[in-house]
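Chemist: As a plain string of letters, each chain reads:
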Amino acid sequence: MFAPAPFLLKDASVSRVMTQVCLALVPGIAAYAWLVGPAILVQLVIASLAALLAEAAMLRVQGKPLGMFLADGSAVVTAWLIALTFPPLAPWWLVVTGTVFAIVIAKQLYGGLGQNPFNPAMVAFAVCIVAFPALMSQWPSVGLQLSLADQINVILGLAPRVDALAGATPLDAMKTALKLADGSVSVTQLLANQDIYGNFAGRGWEWVAAGYLLGGLWMWQRKLITWHVPTAFIGALVVVAGGLWLYNPAQFANPLFHLLSGGSMLGAFFIATDPVSGCTTPRGKLIFGAGAGLLAYIIRVFGGYPDGVAFAVLLMNLCAPVIDLLTQPPIFGMKDKA
Amino acid sequence: MLMNLFKFKGGVKPPTNKTQSLGLSIAQAPLPSKLVVPLHQSIGGTPRPVVQAGDKVLKGQLIGEADGWISAAVHAPTSGTVLEVAMHVQPHPSGLDAMCVVIEPDGKDEWIARQPVDYQALTPEQVREGLQQAGVVGLGGAVFPTHGKLTASKTVPMDELVINGAECEPFITCDDLLMRERAEEVVRGIGVFRDLLQPKKVLIGIEDNKPEAAAAMRAAVDALGEPFLVVQVPTLYPAGGAKQLIRVLTGKEVPASKRSTDLGVQCFNVATAYTAWRAIAHGEPVVSRLVTVTGNVGEPRNYEVLIGTPMGELLQLAQPQPDTDGIVMGGPMMGFLVPDAKVPVVKATNCLIAHSERLFPPKAPEMPCIRCGACAQACPHELQPFEMYWFSRAKNFGKTQEYHIFDCIECGCCSFVCPSRIPLVQYFRFAKSEIWARERDKNAAEGAKARFEFKQLRDEREKAEKAEKLAKAAAAQAAKKAAEAAAAAAAEASPTAPDSAAAATQVQASAATVEATATPAVDAEKEAKKAAIAAAMARAKAQREAVQPKNTEQLSAVQQREQAEIEARRQAAHLTDPAQAEPAAPASEKTD
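Respectively, the protein sequence lines represent chains A and B. So the first sequence is numbered by my numbering: it starts at -9 and just counts up by one. So the second sequence is numbered by my numbering: it starts at 8 and just counts up by one.
Simulated from the structure, these hints should not be mistaken for laboratory data.
Straight-line alpha carbon distances no greater than 20 Å define the calculated EDC-like cross-link-like pairs of lysine to aspartate or glutamate that follow: (1) Lys14/B <-> Asp326/A; (2) Lys265/B <-> Asp326/A; (3) Lys54/A <-> Glu373/B; (4) Lys370/B <-> Asp1/A; (5) Lys325/A <-> Glu409/B; (6) Lys0/A <-> Glu364/B; (7) Lys213/A <-> Glu389/B; (8) Lys325/A <-> Glu389/B; (9) Lys325/A <-> Asp414/B; (10) Lys0/A <-> Glu417/B; (11) Lys325/A <-> Asp269/B; (12) Lys20/B <-> Asp1/A.
With the hints as extra help, turn the sequences into a complete structure.
Modeler: Written out as structure tokens, the structure is:
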């Protein structure tokens, strides 16, 4: 009988952690389904199934226990993040390709749970936007009224991908419009377009972002995440966006627009906080979050991609081990030794 | 309490489970069938047995004497007969045996003549020695000999004396009841420590889940007119760790590399103070202690238990439930399952918990670390347990030390919170013991190497000395012979020489003439001796180089030439057989 101390254990497990992360995503998903269209629920199911199947196959190949690792919930979290960052009406095979790539290449080939140096969901996004840039940029306009059946048909490829689907994200639309107008149109004029923009950012999307914020704050309250990464991410984004906005409000959108657009909130609370691929020391988390926020802004405003969160997080993933090494906190009794 | 308390980072709040064993007062455990008293019950040396099988002993009689300064005496817990002095299984997770004195009680429980002393009439050295002779050790669990902690630092003034009544481990209540029922003697014991260490302040820290104990201690402090402060500290495991309690009460952080007296603070457990007072004021050495018997039992309670009582017998008093499948010694956070119900209660035994799967459900299987950092947030020493885990697992022990593995106090907070159910503390113990083992091996190897080199050096020196002696003797011989030859010549030249001398020299004279004619032969012999000496020195040098091969792979041209020359000389002198010399070289390279 070998059972080392402690004999008392806190009621905690990996699957509980992952389940709570999924729960925290629910407000954002609810807003998404309500305001943008219920197709997202279909995508979540497709991605989850693909992730679990890919995970099971890889575990089988490696001879690892299936039940224990499928139940840990980490594959489902990855799948949900993929579904939430891909266009809602993306064809099913695109979502499956991204998910399988994330699970097989970005996670299991590196050693599985806890071993991946890069955030698997962001790897999937980066791979798909490079390989299928057109499909990954087709976002339906929020005003588009399609029945759930029609949406499913589009996803499954049973209905033609009509032009109405080939919109852009509010972020992308803003960038393109500013570039095309070449200084002759201001951000304020663009934001007046009620088809695309709501009160603060993209119409509808701003409330999805608010849902993620709510879920993120709940995770912080439950101590699933610490305040460091989201605060640094949002802080850096606000500082750089605010600085440029003050410098030229006609050409640069205000910080609130950036916070509630694209993957900012999802990135700040759910992606940059991934402990496996991120930093672990308090100061390291601050640097990681600030770096991700800053890079996300630069890539989304000055780069060629519709949003910059995925690449920003991947770039910071690269730096995480070094940041951790350089930011080790002093231990008990050794604080006065500078 | 108008006192500014400090906080330590981390810590956890496991369910305390203390109320179960607080319902009843302390009871005296009955005499067991036999007592198995281990000689080694404290940190430091193993006391030498001073009794043998068949001896009659009285309660409190010395049975093991301290074998050094960091060692404490061991005494017979009751009167009776020594059955044997032999190896018996110990209350240690390893299940290893150690030397024990086994005593069969005679039922009379008859004391030796107890002599109370007036410690204030004694010098501090005498008090410390008295405590050592009485076997007083830290009863909080570490069992460090108390007298060894009662000397203040020579350079740092003693600011605070911290008395630990925190008792942060779940289930354990023996200190709580001790303070409730025997507060006066505890406070008097603290007075002894205060007089020896002369601190500016005495702070008694008690977790705020023990208000009765704190009240009793306050009353005793007031009754005795002592200026001690009884401070209630927040209940947070491991607030009862010495370093954590010192931090909470004084704000000082004692790192692993320092003694607390270096920071002007010292810490003792309340039970230690109590036993110190019993030893001084009643002449009673440490032969019993309070033990909480709890867990999966019908009647959890605190018992005054004789050291050496088999744990199984003690557990029976509390009526263990039928599904009890083991005994945990210590608390559920840092305790361990004892290897056998026969193992004895020792001075470190503060609690026995009857183990069952109902009480402590089996752990879920270990999952990979997800670097969530919960362990780092829970660590009271602000370490990064997941990093140490990673490097312990990879057996990269150098890295574990860079992450300060020896500052880990093995409190178990990290294992408690880990969602992946990784037994982190076990990994750290493994790494620590591996590092110790390697250190030992390295020291042993270095010692062996030094001895070998010294032997080589000595052999060479002896050889050289011998050659020198031989050369000297030969030279003396030659000189003597030359002198004799000269004398003989002189004798031949003077016929007036005495007969006896003539008779003696005549014999040699013939030889001398022979030798005298062969003077060149003597010179050749001398040359041969000289060559032998030079050869011995060259050999010695070669051996030294063989022992300490330095830079044998990348030699400069000059060095290579030198080496070739030496080799040539050696072969010319027929000192080395080229065939033999060859295999020696790669061997010396291997040792590089």
